[in-house]
Amino acid sequence: MSEYKAFRVELSDKIAHVTINRPDKANSMNADFWTEIIDIFRWADETDEVRVVVLSGAGKHFSAGIDLMLLAQAGSRLGKDVGRNARALRKVILDMQASFNAVDRCSKPVLAAIQGYCLGGGIDLIAACDMRYSTVDAQFSIKEVDMGMAADVGTLQRLPRIIGDGMMRELAYTGRMVDGEEARQIGLVNRTYADQSALLDGVFELARQIASKSPIAVRGSKEMIRYARDHRVEDGLEYIATWNAAMLQSVDLQAAIAAHMGKTQPEFAD
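Numbering (full-length UniProt numbering), first residue to last: 1 to 270.
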């Protein structure tokens, strides 16, 4: 496992704990963040021992979003030609989208544990995760509107499928702050916890439950859910039929049935 500048990564009991590690900067997303996250989630995807990923932020905040110095640097490199500027900016945006696409496309479930600020790019990031959990006093905001721009790294595309179109529009147009309890009520987070310690305990307990299941079954479930999100029902049914024609031949199915009949806890290979 590589050493990272913007993250801390640990692997224990089949769970990869990925921590945004810039607490002195409220875990804002600098240049290292955007490149390292792709490498980290590629590693998580390709490492059989990893069955679940828990994503958190070090210190008081999950993430305050994109580092404003990074935005300023991008602006300083622009020239006088609008067409060339647009081409350069489009590439920057697509590269940033690729960073969170890596989270979305990871074949392992990704659970976000959120405390303090989750602003702007932080919302883009958690929208790419499978599930989200927070402290009751966490603060969420689609902050881009207050910066004079539209969110462009996934929030407006993924969030309507999580909290609904109308609520997403309200938050995107106003930029207003949502606390953890309201986030739970609108479905942005699945559950809230009293503090950061209880949050991590709760999320890791869920991660351990998932890690104990057949990795073949969990990966298949995630693949089908992602596919169904972007396709018709008929397409999804056709895909799961083809997928399970192979996966139902896995020894995991035999192990699960034997354990169920014997009233024991099954053990699954990576």
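Derived by calculation from the structure, the hints in this document are not laboratory data. Virtual Cβ for every residue (Gly too), placed ideally from N, Cα, C. Incorrect hints may have been included.
Here are the simulated DSS-like cross-link-like pairs (lysine-lysine), alpha carbons at most 27 angstroms apart as the crow flies [stated by the list, open to error]:
1) K60 <-> K5
2) K80 <-> K5
3) K80 <-> K25
4) K213 <-> K263
5) K91 <-> K60
Quick list of the computed label-pair ranges, beta carbon to beta carbon [what the hints assert, rightly or not]:
6) E234 <-> L78: 18 to 26 angstroms
7) L78 <-> D195: 38 to 46 angstroms
8) Q73 <-> D146: 15 to 23 angstroms
9) D146 <-> V251: 51 to 59 angstroms
10) G148 <-> R229: 38 to 46 angstroms
11) A256 <-> A88: 28 to 36 angstroms
12) E170 <-> D32: 30 to 38 angstroms
Verification of the supplied hints:
For the suggested pair K60 and K5, the alpha carbons sit about 19 angstroms apart, so the restraint of at most 27 angstroms is met. Taken as a hint, the K80 and K5 pair is broken in the structure, with Cα atoms around 34 angstroms apart against an allowance of 27 angstroms. Our distance criterion of 27 angstroms between C-alpha atoms is broken by K80 and K25, whose separation comes to about 33 angstroms. Under the criterion of a C-alpha separation no larger than 27 angstroms, the hint pairing K213 with K263 is consistent with the structure, at around 15 angstroms.
For the given pair, K91 sits about 33 angstroms from K60 by alpha-carbon distance, which is inconsistent with the 27 angstroms threshold. Checking the proposed 18 to 26 angstroms range against E234 and L78 shows it is violated: the Cβ atoms sit about 46 angstroms from each other. Distance hint for L78 and D195: a CB-CB separation of about 44 angstroms, consistent with the stated range 38 to 46 angstroms. Evaluation of the 15 to 23 angstroms hint for Q73 and D146 yields a pass: the beta carbon distance comes to about 20 angstroms.
Distance hint for D146 and V251: a CB-CB separation of about 53 angstroms, consistent with the stated range 51 to 59 angstroms. Checked against the hint of 38 to 46 angstroms, the C-beta distance between G148 and R229 comes to roughly 30 angstroms, which is inconsistent with it. For the pair A256 and A88, the beta carbons lie near 52 angstroms from each other, so the given range of 28 to 36 angstroms is not met. The supplied range of 30 to 38 angstroms is met by E170 and D32, whose beta-carbon atoms lie about 34 angstroms from each other.
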